[in-house]
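Participant: Build out the structure end to end from the sequences listed, making use of the hints.
Protein chains: 2
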Amino acid sequence: MYKVKVYVTLRENVLDPQGSAVKGALHSLSYQEVQDVRIGKFMELMIEKNDRDIEEIVRDMCEKLLANTVIEDYRYEIEEVVAQ
Amino acid sequence: MYKVKVYVTLRENVLDPQGSAVKGALHSLSYQEVQDVRIGKFMELMIEKNDRDIEEIVRDMCEKLLANTVIEDYRYEIEEVVAQ
Chain G
1019 MYKVKVYVTL RENVLDPQGS AVKGALHSLS YQEVQDVRIG KFMELMIEKN DRDIEEIVRD
1079 MCEKLLANTV IEDYRYEIEE VVAQ
Chain R
1019 MYKVKVYVTL RENVLDPQGS AVKGALHSLS YQEVQDVRIG KFMELMIEKN DRDIEEIVRD
1079 MCEKLLANTV IEDYRYEIEE VVAQ
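Going down the list, the sequences are from chains G and R. Going by the working numbering, the letters in the first sequence line up with residues 1019 to 1102, in that order. Going by the working numbering, the letters in the second sequence line up with residues 1019 to 1102, in that order.
For the record, the hints were derived by calculation from the structure and aren't laboratory data. In this text the structure is predicted, and so the values were computed from the model without any measurement.
Where chains are identical, the list cannot tell them apart; a pair therefore holds if satisfied intra-copy or between any two copies.
Think about it this way: if two alpha-carbon atoms lie no more than 25 Å apart in a straight line, the pair counts; the simulated DMTMM-like pairs of lysine to aspartate or glutamate are:
(1) Lys1059 to Glu1095
(2) Lys1041 to Glu1098
(3) Lys1041 to Asp1078
(4) Lys1023 to Asp1069
(5) Lys1067 to Glu1097
(6) Lys1041 to Glu1090
(7) Lys1021 to Asp1034
(8) Lys1082 to Asp1054
(9) Lys1067 to Asp1054
(10) Lys1041 to Glu1066
(11) Lys1021 to Glu1062
(12) Lys1021 to Glu1098
(13) Lys1067 to Glu1051
(14) Lys1041 to Glu1081
(15) Lys1041 to Asp1071
(16) Lys1082 to Asp1034
(17) Lys1023 to Glu1051
(18) Lys1041 to Glu1097
(19) Lys1021 to Asp1054
(20) Lys1059 to Glu1030
(21) Lys1082 to Glu1098
(22) Lys1023 to Glu1097
(23) Lys1021 to Glu1095
(24) Lys1082 to Glu1051
(25) Lys1023 to Glu1062
(26) Lys1021 to Glu1051
(27) Lys1021 to Glu1090
Facilitator: Right under this line is the structure:
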């Protein structure tokens, strides 16, 4: 069994209205020191071992479904766990 | 300047309908090996240095705005960066 963590973030030059809204909210809570906020997604997947390469599977899933690669970047961490 | 990464995840025993939907979508793309999907948020904040303790600021912001601590857990990483 693998535990896979996938981080999907908006590309640098893509506007992030949700981040701007959170930044505005933090400013109105008087956290003026906040300069910038970017919001992304964090996914944790449990994947069963099989004969395909786990990295290939994860990259495939990201490209096809988990990230929109036109406007988003992704990175992932794979960790092997012992099923309980 | 600090770069702060905040990860907000649903608590273990809270249902995650978005995760279930993504799991269903992955299955229908024939990734049957996916056992479980949990979806959270990932935030990257740039925060200016001031005389308050950065950890205290981040914890405060998480408790007040960034996470709903009734159903969500959060964790964060703080990294000091040199402003360009």
